[in-house]
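**Student:** Letter by letter, the chains look like this.
Number of protein chains: 2
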Amino acid sequence: FLSLRPGSLAFNPAAPRRLPFNSASDVLHRAATINPAPRRSRLWRARTRVASQPPGDIDESFGGAVPSYRGSLVVPAGDHFVRQHHTSRSGASSFFAPPFSLLGQGALQRLGNVVSESGAKRCLVVSQTKHLRDEDEKDVLKRLCKELFDAGTDAFIFSDVELNATTENVAAALLMAYEYDVDSIISAGGGSAHDVAKAVRALYRNPEQDAVQELVGVDEIAAGWIPAVPHFAVSTCMGACSALTRLAVITDPLHQETLEIVDWRITPSVSCDDTLLMLEQPREIIAAAGVESLAHACEAFLSNASTPVTDANALHAIRLLSSYLRAAVTSTPKDTKALDMINYGMFLAGVSFNSAGLGLSHAIANALCAKYINLPSSELLAVMLPHVLEFYGEQSEEMNDDAAELFVDLAEAMGCPKTSSPASAVKCVVQSVARLVSDVELPQTLSEVNARQSSTIMRIDDVPEIAAKAMCDCVPGVTSARHPTLGEAENFILQAWRTSKCGECGDAFIVDAVAKPEANETKKNETWVQRYNWVGSDYVV
Amino acid sequence: FLSLRPGSLAFNPAAPRRLPFNSASDVLHRAATINPAPRRSRLWRARTRVASQPPGDIDESFGGAVPSYRGSLVVPAGDHFVRQHHTSRSGASSFFAPPFSLLGQGALQRLGNVVSESGAKRCLVVSQTKHLRDEDEKDVLKRLCKELFDAGTDAFIFSDVELNATTENVAAALLMAYEYDVDSIISAGGGSAHDVAKAVRALYRNPEQDAVQELVGVDEIAAGWIPAVPHFAVSTCMGACSALTRLAVITDPLHQETLEIVDWRITPSVSCDDTLLMLEQPREIIAAAGVESLAHACEAFLSNASTPVTDANALHAIRLLSSYLRAAVTSTPKDTKALDMINYGMFLAGVSFNSAGLGLSHAIANALCAKYINLPSSELLAVMLPHVLEFYGEQSEEMNDDAAELFVDLAEAMGCPKTSSPASAVKCVVQSVARLVSDVELPQTLSEVNARQSSTIMRIDDVPEIAAKAMCDCVPGVTSARHPTLGEAENFILQAWRTSKCGECGDAFIVDAVAKPEANETKKNETWVQRYNWVGSDYVV
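As they're listed, the protein sequences go chains G and W. When we follow full-length UniProt numbering, the leftmost residue of the first sequence carries the number 1, and every step to the right adds one. When we follow full-length UniProt numbering, the leftmost residue of the second sequence carries the number 1, and every step to the right adds one.
Because the hints were derived from the structure by calculation, they are not lab data. Treat the hints with caution; some may be incorrect.
Note: identical chains are not told apart, hence a pair may lie in one copy or across any two.
List time: in silico DMTMM-like cross-link candidates among lysine to aspartate or glutamate, alpha-carbon distance up to 25 angstroms [to be verified]: (1) K371 <-> D461; (2) K418 <-> E405; (3) K337 <-> E488; (4) K337 <-> E405; (5) K418 <-> E280; (6) K418 <-> D154.
Computed from a prediction, not measured in an experiment: that's the story for all the values here.
Only chain G is shown next, with the shape it has when bound in the complex (with noise of 0.2 angstroms):
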């Protein structure tokens, strides 16, 4: 098959095309003179409204207010199942999924004839296998292709996506999109190819906008853009969930900006995960995976925005989750049926944070993130996770007790013993993660997973701005059950630098789908008692 770089690109006199300019250059050059956000979204807007306010002290009347479909800041019913979320709130909600999902083992065979059936004839492959050394990745594209090839289709690879997707991948994959005149975008990898993806389609024959920063914000595509050609999704790259949402991350290397596109029409139109592209995963990847996937559902069913149907999907995602990680990870052979859940549980995860948002969690691994670059995510939301719950269990003057109360549900899907209890649903929430975290062997602290690395090292001086940073994260911030001051947000992430919520997994709960109600049933009173095992200074610097 063909894999061609754009600069090298004959044009194709007979193919029928608009060409809005000649050259990724071209592109790039009009971006430049574009101002970096030329239409400041809502998004946009309050999150430069946030981050103005002094650190620790959240606007309140700003906290209820989610960027949803624009048009509407109204937050969503909020109701959960038989408790009542937070506070009662009334108005309508949105929910987002992809029209058509292929999950299961042998879900790549089947999209060739989706693909085909379609009518795709000219499909731009986007990918990132050129930036990989990843032998998988690669012949996971292979596989793509002969699935393709049998169908009829051509493909017109793309392959050069950088781990972080850019502007000037957007310019040269848009550029190749025209130059074929494709009919239909096919994205294999994590996030960024399938970001890269949404944005070309978001671009190719939009008549409106011609450049990543016009769409930057919450639905700021075009009003009346259609989709001219279908997007086909396939993920090569566990619990990144890009293949099913409405987002798209880029990274605009000229301003130094990451943009950020919400727009319910750049879900792809068909959705595909594999299991088994998961079987040839290292079991690490599988865990951390696995982990991030748990702290979207936990984060998206405590969040502010959910909704019974986000509640569903969360509920469900947990539950699959804690029943079958360990097994998925554990196991020799690979257990297939449990991988398949767990495949399972990352796209029900994934559903759901798509229409009701994240919390601190993600807002402390983003802040991380960028200030330390090539820190793995998902093993710092394994660590923060519990942490981050524990936080959202308390219970205070801002949770009301209804809140607290959501925890009895998170505690019944986790597989914890029935309990009334808010107080006892939190304790086993919170240790049942730190349980599961230890057991597929993920770092259970900060400094564990400075210990890791072995270049990028955090620095404890650094928690402070870390922490007003992750205040500032608008997106996970807003939809957050709760909003700390800075001097709780550094002190939690001081915790997680140096303690496990595992301190005591030695007696900790059993953590069994099928737990018989009598167990355990005598701590149902203790308090919780936070104990400090501290690692020690060893591995901070």
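Using the hints, position chain W against chain G.
**Tutor:** Relative to chain G, chain W alone:
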């Protein structure tokens, strides 16, 4: 606003259009000359195959084959949460959903914005208000048109859809779409308005297909067809769920046939379910729609084609409907939160069966509705559901233990006391459903349904015919967890005729989502005694 009969339409020479025919009668003439099933689909062939079996002798090899996405008759994984579903199978699965759903209070108001943001300027509005005396429905249409008007979109209203959508309705609405050169379609109503809109959208600017007959089957819309216009579906009739599915059922009066179109590409672009529209509905409508949705969710959960994704939706639907339906039906004044939760529950149930399919309650209700026109199918489902669930839950050679264990999850979702015994789970599930049906004052036996009718009357002599027909109902029949023999089917229709499963409601488990685990623990090992409370032949003709 404008309401025109197709016969009275004058051509609009200014509008650019492609008219493959000159009038509705031309379309009908062309449709009539087409073989009723010109392109016999797999579904069609499968049905013929089942129908050609002697009743009661279902082909076992077909039992596992589910009409799913074209190119695959493989049954998806069918794995549930912790428990294995039916036999252990592997394979890819499909999940379908609208890309964007608006739900909750005020969703209709939000839709105006969404339509105008989509760039729609000339919108075909499909409704059945002409055939309705219901002023509420007309009021919804007025409000909708006001939202469109405010958003700058012209509405062209086709209000002639009959109670059962016909090929004539489709032809006339299609003609109107071409005449007015519409760029979008809105349907407002119950199933038939959405079904007509889906068929019109599939044919509008479709260069390869002209008539509904050509679309019949699973994914039989031409390969390469991409919808030319977006479709916004506003549900005004609860429980039908047609606003979010990939199904359309159109009656062909010329050939006296029911045409079923199943294609993911006719899923509406945006579905809209506004809780506020439920506020004006009478209690018995809410009750019937709620129990109909419960039947959707239970049968989807037990379906052969279920996946963890459909399970997530089905289980949460069951939780919401079990917890809130009584309050939604009985509270005075109307309990807005309960109605909201029922609305979400109906959506989740629809999303679930849209991919997982249905079971025997629907097969039997369909057969009864086909025999006795205008019988209320939701009441028939309410009667059949407990009987069918009991049949599914019986330990038999055909159902392995794992399958029966699914009832443990089902019972938990219904708020039954936690149990690990499938037998007591089945008992609690059957009684919970029967109790709910009784509490919301729906009929509990077929003879009671009979008695509530003024004109049409079921005859007990017809039971063998109904049973045989139900077993030939391919669509819910194939995904049914268990296939009865003809004798078994007759038997439980007869049971449903005379006996309420609520016979033991007096000492039934209390359905309470926050039930104490200890309650009713002593009843755990009781065997399920079928008590036949013969209502007598008072109602039976």
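**Student:** Does each hint hold? Answer for all of them.
**Tutor:** Cross-check of the supplied hints:
no. : hint          : verdict
1   : K371 <-> D461 : within (12 angstroms within a copy, 78 angstroms between copies)
2   : K418 <-> E405 : both (13 angstroms within a copy, 19 angstroms between copies)
3   : K337 <-> E488 : neither (42 angstroms within a copy, 35 angstroms between copies)
4   : K337 <-> E405 : between (33 angstroms within a copy, 18 angstroms between copies)
5   : K418 <-> E280 : neither (37 angstroms within a copy, 39 angstroms between copies)
6   : K418 <-> D154 : neither (55 angstroms within a copy, 55 angstroms between copies)
In this structure, the earlier hints numbered 3, 5 and 6 are contradicted, and the remaining ones agree with it.
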